[in-house]
Each structure stands twice: as structure tokens, then as C-alpha cells.
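2 protein chains.
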Amino acid sequence: MNCKCGHKAVYFKRYSGQHLCERCFTRAVFKKFKDTIRVNGLIERGDAIVCGVSGGKDSLVLLHLLHQLQEKFNFNLIALAIDEGIKGYRDESIPFIRKACKDLDVDLYIDSFKEKYGYTLDEITSIKDRVGACSYCGVFRRNLLNQSSRELGATKLALGHNLDDESQVILMNLLRGDFSRFGRTGTYYKNLHPKFVPRIKPLREIPEKEIVLYAYLMNIDFDFEECPYAPEAFRGDVRNFLNEMEEKRPGTKYTLLKTYDKMFPTFNEMLTPEHISTCETCGEPSISTFCKKCEMLDHIKKNY
Amino acid sequence: MNCKCGHKAVYFKRYSGQHLCERCFTRAVFKKFKDTIRVNGLIERGDAIVCGVSGGKDSLVLLHLLHQLQEKFNFNLIALAIDEGIKGYRDESIPFIRKACKDLDVDLYIDSFKEKYGYTLDEITSIKDRVGACSYCGVFRRNLLNQSSRELGATKLALGHNLDDESQVILMNLLRGDFSRFGRTGTYYKNLHPKFVPRIKPLREIPEKEIVLYAYLMNIDFDFEECPYAPEAFRGDVRNFLNEMEEKRPGTKYTLLKTYDKMFPTFNEMLTPEHISTCETCGEPSISTFCKKCEMLDHIKKNY
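Quick note, the sequences are listed as chains A and B, same order.
Using the numbering used here, read the first sequence as starting at 3 and increasing by one per residue.
Using the numbering used here, read the second sequence as starting at 3 and increasing by one per residue.
Chain A extracted, bound-state conformation (with noise of 0.2 Å):
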């Protein structure tokens, strides 16, 4: 099958019914991305935008199209990376971090668990009475993430959230009715507190398989590797549904992703400056007297 330019295609666009070739392609995606960040308004001239980066596709893909973004406007952009302590895993990660970053001449920042909280994401894991692994590590990288990119000058944290990841979380969190929850799943966060570094998210809308493609095509090079720690069940059982229900009716996750972001303005207007305090132990942005980082720590610091 030939692209509409007369090339071979190397995609079918199922929920478009595009045939695409490589060029066509990978600006496809160019485009994506920035039809995102040009609708919902995610970047501004002057903006010092940190791209936090695991060494993932996603992550490195979103490097690579802020970098080519940059060219077209004139914005800072840093690449922090989060060393959450997990052996045979983040270690064999940051090689592919360093080459992206090396690459394409973007300034790189690591930070760590073990130096910012005195403990790995292995050794919490080591203590008794303790939650998921993936609890303490969501809670530990979002707020180091902020902080770091704050502390970057950042004005902007870009993340590499794709469109699968999105409407599962959407799903996952309509299922267990969290409503805390709602309003935080967004292309951008408000600016709520002094010391939040409003969250982008300029590859939600793109689907993983073309995340996976274009680096493929881009020669971007990625950890295939998955977190050892044992991923939640509940999202691998909405990932498989929505899966099929993408294959049997393309462009389901889009729709679903969509339909959230036409309620979203509702759940997001439930939250108000007056809903963020400032955690009295560390001064980060906080729901409560107490960040549930702080919380964790001094529970963590009780059981090591």
C-alpha cells in the first residue's frame, strides 16, 4: 500500500484510515505534538521548559520533538532524570538517557532518591508494614520532579504521558471512583501554588504504537526494559480491554481521552488555590498540614 504521496507506507492509521510512508509519518507526528501544545497553549516564547526523561520511548521521543521544536521557537529546555534506586533497572537505563541527551547537545540533570531522601527505592522496599513499591515511588519522583524543575528555573514540566497511558488512567480511575484523582489527568495543570511547576503533556493524544514507531524510524535509541517492580494488575486488566476495544473499533482511546478532557474543565474548576496548602514539614505544595512524601519518610525512617 502507497502512502498518498506516492511512497511506500510503513503505517496504517487504523482510526483515520491513513496509509503512511516514513516522512509522512514522522511528520504526522510532528504535527500531533504540535497541534497539542499550539491548542492547549503548553508552551510560550521564553519558556524554560524541563523535560523529565526515564530512558523510555516516550520520554525520549518527547525530547527529541521539544529539541526540533526548539529550533522553530525560542524556548530553554533541560532534561532532568529521576534515579529511583532500582538495580538492574534505572542503572541500565541512564546510558540511554546520556546518549539522547549528548545527541542533541540538551543539558542533563540526575537526581536521586538516595541523595535527596537518604534511601533507594530497594532499600524502602526492604521495610516492614510497607505499601506498593510503586506508591512510594510515585509520590517520591512527583515530587522531586517539581522540585528539581523548579529549582531548574523551570517554568514548565514536560512529561511523556502518551495516549495510552492517559485513558487508562481515566478508566482506572472512573472504575475505583477516585475523585481525588480527577482533575489531575490533563494536558496541563493550573498553577495552583507558588512552588508547582505546571505539568505539559504534549504527547497525550498519540497513541504508544506510533510512539514506539517513530523512535524506531527516528533511530532513537530507549530501554526496552520494564520496571522490575511488579505493575499494578488493575491497569494491565483496563490496558488489555481498552486494547481490544481499540482493535475492534478504532479510535476508542481518543474518544474516551476526549470525552474526559469535555468534563474535565468541571472537575478541574473544583479545585482551587484554597484546596492546596503547604506541607509544614518541607514547605512542597500539599493537600494536607503534611505532603504525603513527608508522611511516607517518617514512616519509612520508623520501619528501615
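These are calculated hints, taken from the structure and not from any lab test.
For clarity, every value in this text was computed on a predicted model and none was experimentally measured.
Any given hint could be a false lead.
Heads up, the list lumps identical chains together, so a pair's fine if it works in one copy or across two of them.
Unchecked claim - Pairs of lysine to any residue, SDA-like flavour, derived with a Cα cap of 25 Å:
no.	residue 1	residue 2
1	250	133
2	211	29
3	303	106
4	250	136
5	250	135
6	36	5
We have chain A; now place chain B onto it with these hints.
Okay, now just chain B, sitting in the frame of chain A:
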């Protein structure tokens, strides 16, 4: 395992961890039904309730429960069946309806597509250039239920949708992004048009398997047959997924329903009387100049 009252349990409510004996189980179903009515103000003294009956488990259990409630409350109860004209199916379910109404001494009215619209559903599906049988059936049945219950003097139309039906529809609407349908699923429909009979769904929080067990324990004979017109494949996929999630995380369907209900006021408020007009052909409530039923009927007449 025994019920907390000491009798042998016949049912285990996984989502609450309760083992229930026959008496406590049937009482719990009646209580859930009553609470749904009370909390949502579904029935008031002096109401004239028309109960839509299909001969299946849900509608006949609803009729029984409404009849029981009548002993405590003072309201009128009439049963209304719609004969769509589906050979080998509807004709076989009508005897179940007649028996239930006779046992309970409830007046029964039967209306038919043939008599009202001139065609049975079997005839409609023989036309060329047609949409799915369920599309015609849904539009015609809703139209006839509304019109006939109004003519019977109903102040409310009670329908037997259970928790499984409702949670499936909610997830289907989310995945289809069908905004026009948001606000159509709820415990109670606002009265937006003088010819619209408000619909109530008192079984909306009761799982399907509890309805089946209740029918069995209360000796309610119902038609087990499923409609021969192929059920929607999409609904089947959504049902399987929700059943699997419910199995793994008891309470998932209920949580989805409640999440939807918390969002629902927003969508219900989007609908105002200005959104509802009157069909210029038949005078029934419609969202456009001509109602969907008249549009379909026109197409059928031209193609029959």
C-alpha cells in the same frame, strides 16, 4: 456458612462480605429497592405508576417489589407491555406477564408496534437499507412506553434496569463519547416536556445476579429467552470486562454508577426545557423538528 441471624446462607454478597439466608436476602433486596426510591424521591403518595414489563426477570421482579410497596404506600400500579412483534420470542414471554399480573391482581395493558405504527419489528427488519433492529426497537419502544403510560394516566414510568445494565451503558457512553446520551441514564429523569412521563429506575443499584436469585426465591416465573435480534457486540465486550473487574474487585459496577451519578447533575443541568421541542408530525417530545420515531417510520414506509 450461616447468615448472621443463624439460618443457612443462600447468598454471599462479595462487595460487603455478608452471608445471607433466604429471608435476610429477600429483605435486603426489598430494602435496597425501597431506599433507592426514598433517597431519590422516586415515588410520592398519590402517584400513578406504570411499570413497563417485558416478561424477563428484571421487570417482573420490579412489578413484585412495587406491588409489595403498595401495601405500605398509597399509589396506583398498572403494568404495561409492548409487543414489538418478534415471532418466537415476544409471543412466548407474554404468558409470563399475564400470569404475574394475574397473581398480583395488577391491571395489564398491552400495546403493539403493529397496531400503533403499522409494522411488527420482524416486518421492519425486512426492509432494504436498514439500520440495526435494536435501533428501531429502542426508539419505537421508548416512544410507545411514554405515550401509552401517559394515556394510562401515569405520573411515573417505572423501568427494570439493574446495576449491570446501568454500569454497561455508562461505560459504553464514555467509550463512545456519546454526549447526547449523558444525562439519559440516571435514577430519575427530569420532566422537560408536558408530554414526557418521568422515568424511574428503582432496581438501578441491584446487581443482576441478585435479581435472578430474588426471582427464584420468590417463585417469580419469568422468560429466560434472550431476544433473537443479535445483541450488540460492543455491549457484550463491555459486560465481560465489567464482570471480570467485579470478580477481581467486588463493588466495581456500583462504584462506576456512583461516580457517574456524582457527575450526572452536571450533564442533567445541561438539558433544559429549551433543548426539548415537540415533533411537528406526531406532537411527541423531540430534540429536533421531527422526532426520531417519525423519521424512522417515514423511511420504513418508503422502503417496505
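Hint check:
{"no.": "1", "hint": "250 - 133", "in the structure": "between (37 Å within a copy, 19 Å between copies)"}
{"no.": "2", "hint": "211 - 29", "in the structure": "within (16 Å within a copy, 52 Å between copies)"}
{"no.": "3", "hint": "303 - 106", "in the structure": "neither (40 Å within a copy, 67 Å between copies)"}
{"no.": "4", "hint": "250 - 136", "in the structure": "between (31 Å within a copy, 20 Å between copies)"}
{"no.": "5", "hint": "250 - 135", "in the structure": "between (34 Å within a copy, 21 Å between copies)"}
{"no.": "6", "hint": "36 - 5", "in the structure": "within (22 Å within a copy, 61 Å between copies)"}
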